[in-house]
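S.K.: Sequence:
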Amino acid sequence: MSKNDNLSGRGLKRSLSASIRQRQCEGRFPVISEVKVRSEKEGDLLCGRDPATFAREMVWCPVAGISVVTEPEHFGGYMGLLSAVSAAVEIPVLHKDFITTERQIEESAACGASAILLITEMLEMRQMERLIEKARSCGLETLVEAHGLAEVRKVQNLSFDLMGINNRDITILEVDDTDVSKTEELAGCCKGSRILISESSISSAADVLRAGRSGADAVLVGTAVLKAENMRHFLDELTSVGWPP
Numbered sequence: 078m079s080k081n082d083n084l085s086g087r088g089l090k091r092s093l094s095a096s097i098r099q100r101q102c103e104g105r106f107p108v109i110s111e112v113k114v115r116s117e118k119e120g121d122l123l124c125g126r127d128p129a130t131f132a133r134e135m136v137w138c139p140v141a142g143i144s145v146v147t148e149p150e151h152f153g154g155y156m157g158l159l160s161a162v163s164a165a166v167e168i169p170v171l172h173k174d175f176i177t178t179e180r181q182i183e184e185s186a187a188c189g190a191s192a193i194l195l196i197t198e199m200l201e202m203r204q205m206e207r208l209i210e211k212a213r214s215c216g217l218e219t220l221v222e223a224h225g226l227a228e229v230r231k232v233q234n235l236s237f238d239l240m241g242i243n244n245r246d247i248t249i250l251e252v253d254d255t256d257v258s259k260t261e262e263l264a265g266c267c268k269g270s271r272i273l274i275s276e277s278s279i280s281s282a283a284d285v286l287r288a289g290r291s292g293a294d295a296v297l298v299g300t301a302v303l304k305a306e307n308m309r310h311f312l313d314e315l316t317s318v319g320w321p322p
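So the sequence shown is numbered by the working numbering: it starts at 78 and just counts up by one.
Please note that the accuracy of each hint is not assured.
The calculated EDC-like cross-link candidates involving lysine to aspartate or glutamate, where the alpha carbons are at most 16 Å apart (straight line), are [as the list claims (entries may be wrong)]:
{"id": "1", "residue 1": "LYS118", "residue 2": "GLU167"}
{"id": "2", "residue 1": "LYS268", "residue 2": "GLU150"}
{"id": "3", "residue 1": "LYS118", "residue 2": "GLU198"}
{"id": "4", "residue 1": "LYS118", "residue 2": "GLU134"}
{"id": "5", "residue 1": "LYS268", "residue 2": "GLU228"}
{"id": "6", "residue 1": "LYS231", "residue 2": "GLU201"}
{"id": "7", "residue 1": "LYS304", "residue 2": "GLU134"}
{"id": "8", "residue 1": "LYS304", "residue 2": "ASP127"}
{"id": "9", "residue 1": "LYS268", "residue 2": "GLU314"}
{"id": "10", "residue 1": "LYS231", "residue 2": "GLU206"}
{"id": "11", "residue 1": "LYS304", "residue 2": "GLU117"}
{"id": "12", "residue 1": "LYS231", "residue 2": "GLU179"}
{"id": "13", "residue 1": "LYS304", "residue 2": "GLU150"}
Think of the hints as simulated: they come from the structure by calculation, not from any bench.
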């Protein structure tokens, strides 16, 4: 961590963007690995494992960041999960939920998040702008997620940190069977220098390679990590795709 990072409070602990770039400089493909209690499609995913211990094991791989899903109704999450993981690791933590209010962003910061997810499909433009500004005031980066070309175009002129392409459809709770084709379709339409993340449907090094060669700077991997027989080996395979891919 550089002196300037310490002064700004946005070093590797506080900046997901910086951590992704650091992994690239190390020649690794940046992976954001997820902690999620359950999903509509797969059911129980933690299977009794302690989330903080699981997160610490991820760090050994090494990943660029950890995503924590706190949405309770469909994914079994809770804010204490975010607090526990954030306290357990020294890398950036992304808070994933259906965030629509400034109060939720304040709670994200209080629980130790480094970045938040904002889903374009769920937010009006003025609401999105207000939430991005609130996140910035709380010292959080914003990952803005899109699933289609209209959504990409809707947000491309806003001032946020990271762009996400969700290969699955969050409006049906990601129960669709897909691959990284959505990233291949939309990556070239994402203008600007901000980091591009391919989210979901990543289950192999081949998927990472496809996403990277289509323009993704990083991948976010959820269910496949939680279901892997050997999580460390699986994540090492993904990061070993290398940078540039």
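S.K.: Of the hints stated earlier, which fail here?
M.R.: 1, 2, 3, 4, 9, 12 and 13
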